[in-house]
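Student: Sequence:
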Amino acid sequence: MTNLSYKKILDNIYARHQKTIKYNLDNIKLLDKILNYPSRSFKSIHITGTNGKGSVAAIIHSIYSSTSLSTGLLTSPHLINFTERIRLNNREIKQEEVISLYLAIENAIKLKWKKKELPSFFEYVTAMAFLYFKRQKVDVAVIEVGLGGRLDATNIINPVASVVTNVDYDHTKTLGGSLRKIAFEKAGIIKKGVPVIIGEKREMLKNIFRRKAEEMKAPFIEARPENFNLFIISDDLFKQVISFNFDRNQVRVNFPLTGLHQLDNLAIALETVRYLSNKNIFRITAHSLKKGLPKTWWPGRNEFIFHDKNYMLIDGAHNRMGFVALNQYLKTIFPNFSKKYLLIGILKDKLYKKELIELARMFDRVYVTAPVSDRALKPDILKNLFSPYVKTEIITRNDILNYKRNLGINLNDKDILVCTGSLYLIGYFKERIKQKNLYVEV
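Take the sequence shown: its letter number 64 is residue 64 in our numbering, and every next letter is one higher.
Please note that a few of the clues may not be correct.
[Claimed, not checked] Straight-line Cα separation of at most 27 angstroms, BS3-like style, residue types lysine-lysine; simulated pairs:
no. : residue 1 : residue 2
1   : K192      : K110
2   : K353      : K309
3   : K7        : K112
4   : K137      : K192
Hints in this document: simulated from the structure, not taken from any laboratory.
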């Protein structure tokens, strides 16, 4: 046993965050080796992309979790709790399991680590997830890339499928300032003979992945909603009723991820599980989909939360493509509401002017704040961006931490408050609402 508390262990793990990160696979390969190669102990599905990779991972995980397959899931970042990152059969890893894994990794590092540079935060968490999946003897693990792909810590696995959602501008300082460079980094997850399922529609970008697949002699499969005759029958604020064809069956099911963009994500997930099923790697039936899809859990994406009967929507949009998808979704739901209020805070490298202005113009009042991050953009800068173009009132909340008891936003039961711009912001907002430490005036 250890005298270290769970909180102290998390503090130790978080302390591995580095100001300057060297992107290579040397550390994670060594860490995997001294832990006796947990990355080789399970079949996996590897998912990259600028947007939607977490949604696709959550969908596939929920589908397989509804079968007899023991199914792991690794995603990042978390909204509130560290344990959100590592899941098994739709359940978060337990705190005592985190403690046990931490002790095992620390012991291995103490005895066998020969390098001066210690593993980074993400390398550590990746190794922790792989060791957990090995211990749990999972049949399949769904692995979301942390950043890029080629040099991401997750890229030591040899998956049964490599999945690409799309390519857009994000993390340009690390991945490159052009879409071609970003696509090149993401194509780095493609392995020899491993099928590639891709959702990207633009030919110029798609060809980068196609050429890489040809080089690696990997099957190349394009995922489209029309491949399944996938469409929305009806929708409300909390779900979409969708219909699609699978294995000669028409499937009608409640799907909890809302927004038109989620149909693209669902098509990618369906194409992945269909291909693997046809190859007799993991057999899936229409019944499995009917059972698994309604249980899909991916918080912070068009997610409604409530406080004193007030409607509040949180969404993790933080880049150009994310803001476009959010704008599109809000246009479909706003007729249901009277007054619309926006609480927004972004990071310094997420200043997508055109999309942010279009978003702000949709609201009756805009509150600008700062996410809980040392990379947060100052609210006054965001306010100055909006002011010439947004005619509604713009109010600065310099630090949401100072508004624990009252945001000062007056809502009634016909209004809506939308919180977006950063996963750091919406995670903090959701946690404080749940703990009733952050109040919205009624």
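Student: Taking the hints in turn, state whether each one holds.
Tutor: So, going through the hints one by one against the coordinates:
{"no.": "1", "hint": "K192 / K110", "result": "violated, 35 angstroms"}
{"no.": "2", "hint": "K353 / K309", "result": "violated, 33 angstroms"}
{"no.": "3", "hint": "K7 / K112", "result": "holds, 26 angstroms"}
{"no.": "4", "hint": "K137 / K192", "result": "holds, 25 angstroms"}
Violated hints, listed in ascending order, are 1 and 2; each of the other numbered hints is respected by the structure.
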